[in-house]
Amino acid sequence: MKKKILALVLIVALVASLAIALTACEPTGDKNTLIFGPEDADITFGLICLHDENSTYDKNFIDAARAVAESEQVRVIVRTNVPEDASCYEAAADLADQGCDIVFADSFGHEDHVIRAAKEFPNVQFAHATGTKAHTEGVANYHNAFASIYEGRYLAGIVAGYKLAEMYGNGDGAAVSAANAKIGYVGAFPYAEVVSGYTSFFLGVRSIVPNATMTVRYTSSWYDPEAEENTAKMLIESDGCKLISQHADSMGAPDACKAAAGIPNVTYNISTKDSCGDSYLVGSKINWAVYYAYIINCVRNNAEIAADWTGTLANDAVQLLEFGNTVSEAAKAAVEEAKAALKAGTLEVFDLDTFTITIDKTNSDPTKWKNGNALVEGMAADAKTGSGKLVSYMADVHTDAAFTGDTQVVHDGYFAESEYRSAPYFDLRIDGITEK
Amino acid sequence: MKLNAKSGREPLFHITKRTDVPKWLAWTIRVGAVVVALLIGAIVTGGLTGGSGFGLFFKDLFLGVFGTPRRILNFFQNTAMMLIIALALAPAFKMKFWNIGAEGQVLMGGLGCVVCIQYLGGKIPEGALIFIMFLVSMAFGVGWTVIPAIFKAQWNTNETLFTLMMNYIAMQLVAVCIYIWVPSGSAVLGVLPYGHFPQIGGYNYILNIILVTVIMAVLFVYFRFSKHGYELTVVGESVNTAKYVGINVKRVIIRTMILSGVLCGFAGLLLVAGTNYTLATDSVQGRGFTAILVAWLGKFNPFLMGGTSLLYVFIDQGSTQTATDLGLGGYYADIITGIFFFLVIACEFFINYKIKFRSFRKKQGDVLPETPVENTEKSAEEVTA
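If you read the protein sequences in the order shown, they are chains U and L.
Just so we're aligned, residue 1009 is where the first sequence starts under this note's numbering, counting upward by one.
Just so we're aligned, residue 2 is where the second sequence starts under this note's numbering, counting upward by one.
Everything labelled a hint here was simulated from the structure, so no lab data went into it.
Keep in mind that this is a model prediction, so the values were computed, not measured.
Note that CB positions come from ideal geometry on N, CA and C, so glycine has one too.
Each hint should be verified, as a subset may be incorrect.
[What the hints assert, rightly or not] Computed Cβ-Cβ distance ranges for the label pairs, DEER-style:
no., chain 1, residue 1, chain 2, residue 2, range
1, L, Lys-60, U, Lys-1127, 30 to 38 Å
2, U, Lys-1127, L, Gly-33, 44 to 52 Å
3, L, Leu-74, U, Arg-1308, 39 to 47 Å
4, U, Lys-1392, L, Gly-287, 43 to 51 Å
[Unchecked claim] Cut-off 20 Å, straight-line C-alpha distance, at most; resulting in silico cross-link-like pairs (SDA-like, lysine to any residue):
no., chain 1, residue 1, chain 2, residue 2
5, U, Lys-1444, L, Ser-185
6, U, Lys-1378, L, Lys-95
7, L, Lys-95, L, Gly-230
8, L, Lys-95, L, Phe-221
9, U, Lys-1127, L, Val-192
[As the list claims (entries may be wrong)] Examples of chain U residues toward chain L, derived with CB under 10 Å:
no., residue
10, His-1059
11, Thr-1088
12, Ser-1095
13, Tyr-1097
14, Asp-1120
15, His-1121
16, Pro-1198
17, Tyr-1199
18, Asn-1333
19, Ala-1338
20, Thr-1370
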């Protein structure tokens, strides 16, 4: 027994001496920390992420923060894996305790918890991506921000359309058969941000391939690599989709496309050109550095911060990612042309002439109505069903629990997405897209 | 001792139960295991960061837990939430009813609260609402524990699988309810405006911490001094003994699981009304499973479980801070808590059992080598030869 105790003591002593020896090493700097920028910066910027850098969505926010720490010379502290509950409030308050001048949260479900922290720390500016409540909440130090990413997705859709035309129509989009014009989309949740994204992507494809149809399948999670990969496989194998895009945050869908040879993939947030090779086509992302720089400079100059800020193609907040190896020059030229037209306002993504919708309000339960807040051409206001060109849509711009349509968002021949609020509100299900 | 039939030799090693470990030594070993776990954690951190993380690990661990008053409060709040679920599991585990469904049972308690808030919030006074939430959350929690208990008592079904599966049903139920309540399709319920516990002294969570402390003490008395507590221990030790002395085993099983359910439902109430003010399918954050280890390591003694909860939350919260400061990603905290559990559980094994290796010196009888560990390699060689 004595010997055993002696052995134990010796082991502990050995490990402890090792500990002291290693502690003596000086820290080797910030190479892989989640704290960026100069220590003595005048502004400290706190970033709250739902997941970590394994999620393409969060990586996009973290990369932008790293860039801004350098370009704007601010201190950035990143908190990763913060769930959408009181932990988010605690993380926001903890960042404020640490002296952050700005606290920014990146996930939709963080919003209420950030507002709670904003009320408690009136001298700290709180901002939130994809949120909807800042313009109605009346909390002076709470702000929303998003970008017209539907423009980026539309451009990516054009590239996808050209690809289908090359693969199945000898370069002519109109020659692609209906069976080959099927695209698949892996979505996280069936709400406006996702619906707006896939519809704009689809309209981009259809501007080149008129026959295009799309199947959308949901994973009910923002980050679930396995589910995303399986959903993409199902779209390819069971639904016969020839091209996949996604709005979910892991590498699941890109990996599935890589494995299924001949299925191009259009990404969101990050380019997978290095890891997925030729299956990577193009992608789009929101360049958050633009907003970060905006809010940092507002705080620095004591200027007022917009309650609701929308980034666009024009101010570089919406970006198309690098082109994949197989993208043709014709496709690149078409993208440039469309980009210029979008910037000039001569082209609208949700042009009412480019899509039709079907309205079905026959169910006694209004929550089961399809496109219930919309009206189509020639439809009486009290009609239960209708189909055709959209003429009116009352969107829930001022968020309420019952999700009531409160603002007319159709004017001048197009659906005015992100005009009345930065976060998307296009949640119409248009003809040609099937949700499964 | 059974000899190997072929070779006629003793087996390479065998395990015997120890009865002779004095309390002070057992506790020294336990404390030692925690210290070693921390050191290994620091070495892992150092390895991941090229040496610099070793010292920072200890610094961040402490700063993450005690760095600011808010972190200290969070430390006690997280401990309280872990402890209440461990306390909920303890009666069943003492009875050797392997309930691994606390995740779902707590979630159901939370769902009960949210149902009340959704349909009664704003229509009745806040105090009455919280009282109804209190009752409904417990009813939901009991519902989720008593179903497997009845099946176990009546038909002797396997409670481990049963309670595990009930977790997934609970999560899907919550998902369906949220889908119904949130018409936008975002699956985010958001902060509910009603049914919040009052703050005490301007702080959140104080009420949670007080309530859990009281329940810890009450449960200690229940186990130690009540007839119920004695009966469930007897059922756990031997069902036949319990039957022989006239204990109604079925009744004890169901009664104890009702108690478990009440506590799980109560944990759900604390989670919704005292912490998050909202609910999601992952609201319990895996605590229902971690609490099993916490309860076990606390030997189902409520006060010891308080200690193991504190220790676990200390390491978890501290290593989360380390992950942030050193950029070590989401799984880092899981690795550190994993190391902690591994060593602490392993040390329990060595406190309770002794590994005896075969004696190689030709001695009379069954004399052990004085330093058995040194012989391991040699004996392994012999076996291969």
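**Message:** Under the constraints set out in the numbered hints, which ones does this structure not fulfil?
**Reply:** 3, 6, 18, 19, 20
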